Amino acid sequence: MTTTIYQQFTDYLRNETPVALATIIEGPGIGAKLLVSRVAGVETTSGTLGHPELDRVVARDTAGELEAGRTGVRHYGPEGQATPEDLIDTPTVVVFIESFSPAPQMWIFGAVDFTAALGRVAKVLGYRVTVCDAREIFATKRRFPMADEVMVTWPTPVFEKRGSTLGPRDAVCILTHDPKFDVPAIQGALSTSVGYIGVMGSRKTHNKRLERLAEVGVNSPEQLNRLMSPIGLDLGGRTPEETAIAICAEIIARRTGHSATSLKNTDGAIHS
Amino acid sequence: MREILDDIDRWRTDGKKVAVARVVKIEGSGPRDPGAAMAVNEDGEVAGSVSGGCVEGAVVSEALAIIGENAPGRMVTFGYSDDEAFAVGLTCGGIIRLYIEQLDW
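Chain order of the listed sequences is A and B.
The first sequence maps to residues 1 to 272 in my numbering.
The second sequence maps to residues 273 to 377 in my numbering.
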């Protein structure tokens, strides 16, 4: 029995394999589909849009969109013509290319009450959540059932092994308050291209931590600017859940570059 | 689309016909980005959403029509564009373009 495009598509989505679906949404061949997935840097294409040259050109463009994590509409001729001159006097095939990247990651260091609340909010936002603490009795799946993964280890080996998988969409939240754990976690996070690094602690803890970081050579303005410390927006919340919202709200605002003030007090487009 | 797969699978296991609407383009202000998806089964049950609730009702009608007619996929536009074919619009003033099709692929 041959597997349908939909079956392949949903399998990729469920295995967190990067996949993009191209669908003809207007013009000849409406509804036809091409699926492009990428495993270990190798692209696989299945389905057809009805013409080999159209398939080739759309597969190429779809792979590019997948790489960039973009979703959008493109126009072609029925035989894959892509330049504006070639599209004159020919019916236009409008293709919707939708990219599905794996879930963004949130690594939470420190197995504390705030961790459970942050993990829950992060799951609502679609993160793949990893909890890490060196203390075996605290870092358990039973305490953090929402986590996709609970690791009992020090930060350094985690970053050495997997730091390269972190990118701009991902977040590292360091909630330990313990310099012997949070200093190596900060060093590890700074060695990656992770988009958000938040570190919990009072102003006093923060100042002490800066001293500890300077001792290990972390003192450049570029490095320190990347640290969101103390972590979170100033919402005035008290509970772990409220703190988790303040942290996640800060992550969103950093990603979008928005001001995180009330819309009532700002002008301009809301969705930009 | 990811978030509606379980509902779609359940409906298909029950032998229900399913249509899927996907946002392909937003012009101006719009509540959901391209890729936002909503599934409708032949009984009118719904999973997911494509706007802030402004056009969902009309999308269900379109989806049921497509299932009922066994029709190919089609583009549907909501909002105050040059072709005001549909009475519903987005309260935010944007234009939303959707592609609605049966899940028969």
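Calculated from the structure, these hints are not laboratory results.
Values in this document were obtained by computation on a predicted structure and should not be read as measured data.
Watch out, some of these pointers could steer you wrong.
Claimed, not checked - Straight-line Cα separation of at most 25 Å, BS3-like style, residue types lysine-lysine; simulated pairs:
id, chain 1, residue 1, chain 2, residue 2
1, A, LYS141, B, LYS297
2, A, LYS123, A, LYS180
3, B, LYS288, A, LYS161
4, A, LYS180, A, LYS161
5, A, LYS141, A, LYS204
6, A, LYS180, A, LYS204
7, A, LYS208, B, LYS288
8, A, LYS208, A, LYS180
9, A, LYS123, A, LYS141
What are the numbers of the hints the structure violates, in ascending order?
-> 1, 2, 3, 5 and 7
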